[in-house]
Amino acid sequence: MQAETTNLLQQGLWKNNPALVQLLGLCPLLAVTNSVVNSLGLAIVTTLVLVASNALVSLTRNKVNSDVRLPTFVMIIAALVTVAELLMQAFTYELYLILGIFIPLIVTNCAILGRAEAYACKNPLAPSVLDGLAMGVGFSLVLILLGGLRELLGQGTLFADMHLLFGDTAANWKLTLIDDYRGFLFAILPPGAFIGMGLLIALKNLIDDYQDKRQTTNHEATESRRVRVTGTIT
Amino acid sequence: MMTLFSSPHLHGGNRSQRLMLLVLAAAMPGLLTQIYWFGYGTLFNVVWAILVGLLLEAGVLALRKRPLGFFLKDGSVIVTCLLLALALPPLAPWWLVTVATLFAVLFAKHLYGGLGNNPFNPAMAGYAICLIAFPASMTVWTSPEHYFDLAGQWQWFWQERGNIDAITQATPLDAMKHLQGKTINEMLSANPSVVHYADAMFWVNTAYLAGGLALLALKVFTWHAPGAMLASLGIMAGLFGAGEPDLYASFSDHLFLGATMLAAFFIITDPVTSATSRKGKLIFGAGIGILVYVIRTWGSYPDAFAFAVLLMNLSAPLIDQYSKPKAYGQQP
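Chains as they are written, first to last, in this note's numbering: chain D, 38 to 271; chain L, 49 to 380.
Hints are not guaranteed to be accurate.
[Stated by the list, open to error] Beta-carbon label-pair distances, calculated as ranges: (1) L:228 - D:214: 39 to 49 Å; (2) L:207 - D:131: 18 to 28 Å; (3) D:253 - L:203: 51 to 61 Å; (4) L:238 - D:128: 37 to 47 Å; (5) L:370 - D:128: 54 to 64 Å; (6) L:293 - D:243: 56 to 66 Å; (7) D:134 - L:261: 32 to 42 Å; (8) D:134 - L:228: 52 to 62 Å; (9) D:131 - L:209: 52 to 62 Å; (10) D:235 - L:359: 36 to 46 Å; (11) D:205 - L:209: 40 to 50 Å; (12) L:199 - D:210: 43 to 53 Å; (13) L:208 - D:235: 24 to 34 Å; (14) L:231 - D:210: 33 to 43 Å.
[As the list claims (entries may be wrong)] Derived DSBU-like pairs (lysine-lysine); straight-line CA-CA distance at most 35 Å: (15) L:113 - D:52; (16) D:211 - D:250; (17) D:250 - D:100; (18) D:159 - D:211; (19) L:225 - D:250; (20) L:121 - L:372; (21) L:267 - L:372; (22) L:374 - L:327; (23) L:113 - D:241; (24) D:211 - D:100; (25) L:327 - L:372; (26) L:372 - D:250; (27) D:52 - D:159; (28) L:327 - L:225; (29) D:241 - L:121.
Since the hints were made in silico from the structure, they are not lab data.
Heads up, the beta-carbon is just placed ideally off N, CA and C, and yes, glycines get one too.
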């Protein structure tokens, strides 16, 4: 059980991160991450929906015929997203308006359906919930990181407008890191999201490569050396 | 001498270098004319962009563990930075030039694998990113009547100090698009400065045309892409201009205003990012001409070359696919 827990956490947070490795749920990921508060809002909703859907799918896994499992998953996820949407309307209405269509669109987030199909429908409740949590947090971290990056580059601030999510206590959380910043519109616009995402993926791969190399330095290179070469460019 | 090489045993040395030097030389008349009419801003842009570009190129090559000397000497990065700087407005401050060069060299060129592997023209990609990111700074052009002297331009370039409202004006293409109910002739007679500006642009474009024709004579590129581009742009402008001369800028306006000649002979002839075969180059050039006319006339940006070139760069592989020359005797 202990090993399974560690494995689930490692998979969700790093090795099989839904955003950086599986590249699932890119539509909301790229569309709303133009500030920390938007990213955080979407991150919380997505994680809640992911945990709850994994739990429900896991509980019903022995009752649902495998021929109709996909429609069932979609129904479960859609119901949960509707609940989340209503909750947002009740508690964070302004943020709900800003995120707009991307809240209902969580239904189509492949990361959620993917976890239901790949894990929750084959495993008991506790590991499924943990899997949902790990994947959700992994997705959330990337969302928030990208949101912070784009907000910083685009507007020179961090945590602006946090009162939309946390009420009046958060009204002055805004950090202006660069005074008199002219604004780099490109980072706020969709192309900035793609480039920022690409850079994050590159960073992850770089870290993985570095770790691989450190582990394999003791081993001798085994591949055969080429005998003929066509000269070198100098 | 004892090292063995496989074929080909005869090769002509570093061809890119000669090509790039010729392009640099041919762009000089245009650069000088631009400095003559619009002030020293372009000179600062060119020098700064080339410095930053060389530094970035060296840095990336070192990171990628590629031979520094070989790739720096081929001059491609200098040409990229020169073309980018020529396209930027003369009042671009240093950070704008830096961001444009950074995107051109790092993102448009090296992230795709360096010279020869980039699907997009690096200069135009850098330009387009700045046009999206800093629309206000990218559309400020000096008027040919008033511009900063050398010291004033340096102050503006480095610290953005100086009164630029006194020396800027809308470009003729922009003025012809925002007519505010007047006809083109009414607008021109009300604004003699626009007419003067158009004269200046005519000379700049003529200088680029001369440089381009010299390159054509030296067989640096074939006539197909620039010819098709100028023809299609000319036909579009001729049709609309003749039909409704009060609303649409004329044939000669489109060919000799904005960046037409610079793009025709220096940008769309880039061998890496354009179509390969002759037929392909004709389609490629014609597509750019039509897109430029459409974006200039109905789009919301003052000039259109960056977007038109990038869109056609994107279509170049498809054009290549359908314009493959047939080998003699091959069945269709």
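Each hint tested on the structure:
1. L:228 - D:214: 39 to 49 Å: With Cβ atoms ~42 Å apart, the hint holds.
2. L:207 - D:131: 18 to 28 Å: For residue 207 (chain L) and residue 131 (chain D) the Cβ distance comes to about 40 Å; the hint is violated.
3. D:253 - L:203: 51 to 61 Å: 56 Å, holds
4. L:238 - D:128: 37 to 47 Å: 58 Å, violated
5. L:370 - D:128: 54 to 64 Å: Distance hint for residue 370 (chain L), residue 128 (chain D) holds at roughly 56 Å.
6. L:293 - D:243: 56 to 66 Å: Because 59 Å falls inside the window, the suggested range holds.
7. D:134 - L:261: 32 to 42 Å: 58 Å, violated
8. D:134 - L:228: 52 to 62 Å: 36 Å, violated
9. D:131 - L:209: 52 to 62 Å: 41 Å, violated
10. D:235 - L:359: 36 to 46 Å: For residue 359 (chain L) against residue 235 (chain D), whose Cβ atoms are near 21 Å apart, the range 36 to 46 Å is violated.
11. D:205 - L:209: 40 to 50 Å: Since the Cβ atoms of residue 205 (chain D) and residue 209 (chain L) sit about 41 Å apart, the hinted range of 40 to 50 Å holds.
12. L:199 - D:210: 43 to 53 Å: For residue 199 (chain L) and residue 210 (chain D) the Cβ distance comes to about 45 Å; the hint holds.
13. L:208 - D:235: 24 to 34 Å: 31 Å, holds
14. L:231 - D:210: 33 to 43 Å: 56 Å, violated
15. L:113 - D:52: 28 Å, holds
16. D:211 - D:250: 40 Å, violated
17. D:250 - D:100: Violated, at about 47 Å.
18. D:159 - D:211: 44 Å, violated
19. L:225 - D:250: 59 Å, violated
20. L:121 - L:372: Between residue 121 (chain L) and residue 372 (chain L) the Cα gap is close to 33 Å, so the pair holds against 35 Å.
21. L:267 - L:372: 22 Å, holds
22. L:374 - L:327: Holds, at roughly 11 Å.
23. L:113 - D:241: Holds - the C-alpha atoms of residue 241 (chain D) and residue 113 (chain L) are around 20 Å apart, at most 35 Å.
24. D:211 - D:100: 49 Å, violated
25. L:327 - L:372: Distance of about 8 Å is within 35 Å: holds.
26. L:372 - D:250: Violated - the C-alpha atoms of residue 250 (chain D) and residue 372 (chain L) are around 44 Å apart, more than 35 Å.
27. D:52 - D:159: Satisfied, since the Cα-Cα distance of roughly 21 Å is no more than 35 Å.
28. L:327 - L:225: Measuring from Cα to Cα gives roughly 33 Å; hence the hint holds.
29. D:241 - L:121: 33 Å, holds
In summary, the numbered hints that this structure violates are 2, 4, 7, 8, 9, 10, 14, 16, 17, 18, 19, 24 and 26.
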